[in-house]
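All letters in the sequence shown, in the order written, are residues 1 to 293 by full-length UniProt numbering.
The hints are simulated quantities; they were obtained by calculation from the structure and are not laboratory data.
Keep in mind the model is a prediction, meaning the values are calculated, not measured.
Even for Gly, the Cβ is constructed at its ideal location relative to N, Cα and C.
Take the hints with a grain of salt, since some may be wrong.
To be verified - Distance ranges between label pairs, derived from CB positions: (1) 105 x 81: 17 to 23 angstroms; (2) 75 x 168: 30 to 36 angstroms; (3) 127 x 86: 37 to 43 angstroms.
What the hints assert, rightly or not - Taking lysine to any residue pairs in the SDA-like style, the calculated list, with each CA pair at most 20 angstroms apart, reads: (4) 114 x 129; (5) 151 x 162; (6) 90 x 108; (7) 90 x 109; (8) 151 x 168; (9) 101 x 45; (10) 117 x 140; (11) 114 x 141; (12) 101 x 141; (13) 159 x 39; (14) 155 x 172; (15) 117 x 144; (16) 117 x 128.
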Amino acid sequence: MAKQNPLMAQTYQAFLNAGLSPQQARAFTAEVGRENDFNATYIFGRHTDANKKRGTITNLGFISWNGSRKRQLENRLAGKGLLNADGTIKRGQAALDEMAKFAVHEINTNPSYKRTKTQFLQNPNVDYHTAKEVLGNNFIRWDYAGNTLGKAVGKHHAKRDRYYAQLGGVIPQGGADYSAGKDMAQAANFIPPDMQTAKAAPVSLESPAAPADDVQAAAPHHETVFERTAKREKSHADMLENMRIKPLEFDRRPSLQEEYSTQLAAAFGEYPDMHSKIPDELDMLIQGIYDEV
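Required output: the full structure, derived from the provided sequences and hints.
If you want it as structure tokens, here you go:
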């Protein structure tokens, strides 16, 4: 897996912190990669550009601001305490955030960047071809068409495209508005190592074939929640039934009325109506017999 430069992620985060959408931030961060390959010496330092006025122009920051734009950036950074005494920028996320905010401020306030404002800044879902063209020609204003770089410009476009892909951007196939050589074609199809995934095997609707000598048993039945509940309820009912105290015959003592009824039946040959009041004398007689027994 390719090791990703942490400055690329920090720069991307800086554009998000400046209010850009993920798509806008990807495109802008890719431009920074094209400018300096996320080299801290260039991002936070000063350098001259051999392609501009024979190297007499000094650039500053992650998109190589120069001239009056560089001076405005210096004033902004100094006001935030982010400019060193030697004119370089203090390294860290705070400085990256401030550079990103300065770029957005320029687009919003400078009329010469009106096209960037309408086509890029006001379009959160801007397509990649529009983003790279308007940022390159209207805002950053590097040698996008290769007027100075010539055929070598293709390598710079390819480098930007690779960084865009590493940031998760998808480069549309075809339709590029710059001459595409071998480097450009490779960039269009470039998939960074850290985004490559193993090709998944096709999904089969059939079960894998078992070895000839392997007898597969039927799949075990997995008890459903309903079956488990019914079984638990039956077990509980059985337990209660087993715990129930059943009356035994010798434990059952007849009531006094039942005993009177039995004894009277033996004396008179039938069961009298026990709901009527029993004569006191008879009651006493039966009670005495019962007590003697």
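Okay, the hints, checked on the actual structure:
Restraint check, residue 105 to residue 81: a C-beta distance of roughly 18 angstroms satisfies the suggested window 17 to 23 angstroms. Taking the beta carbon of each, residue 75 and residue 168 are about 35 angstroms apart, inside 30 to 36 angstroms as hinted. Between residue 127 and residue 86 the beta carbons are some 41 angstroms apart, a value that agrees with the proposed interval 37 to 43 angstroms. Between residue 114 and residue 129 the alpha-carbon distance is near 18 angstroms, which keeps this suggested pair within the 20 angstroms criterion.
For the given pair, residue 151 sits about 18 angstroms from residue 162 by alpha-carbon distance, which is consistent with the 20 angstroms threshold. With a C-alpha separation of about 25 angstroms, the suggested pairing of residue 90 with residue 108 is violated against the 20 angstroms cut-off. Taken as a hint, the residue 90 and residue 109 pair is broken in the structure, with Cα atoms around 26 angstroms apart against an allowance of 20 angstroms. With a C-alpha separation of about 28 angstroms, the suggested pairing of residue 151 with residue 168 is violated against the 20 angstroms cut-off.
This hinted pair checks out: residue 101 and residue 45 have alpha carbons roughly 18 angstroms apart, not beyond 20 angstroms. In summary, the hint linking residue 117 to residue 140 is supported, as the alpha carbons are separated by about 13 angstroms, within the 20 angstroms threshold. At most 20 angstroms may separate the alpha-carbon atoms for a hinted pair to count; residue 114 and residue 141 meet this at roughly 14 angstroms. At roughly 18 angstroms between alpha-carbon atoms, residue 101 and residue 141 fall within 20 angstroms of each other, so this suggested pair holds.
With a C-alpha separation of about 14 angstroms, the suggested pairing of residue 159 with residue 39 holds against the 20 angstroms cut-off. Proximity of residue 155 to residue 172 is assessed by CA-CA distance (about 18 angstroms); at most 20 angstroms being required, the pair is judged to hold. Between the alpha carbons of residue 117 and residue 144 the distance comes to roughly 19 angstroms, so the proposed pair stays at or under 20 angstroms and holds. Proximity of residue 117 to residue 128 is assessed by CA-CA distance (about 15 angstroms); at most 20 angstroms being required, the pair is judged to hold.
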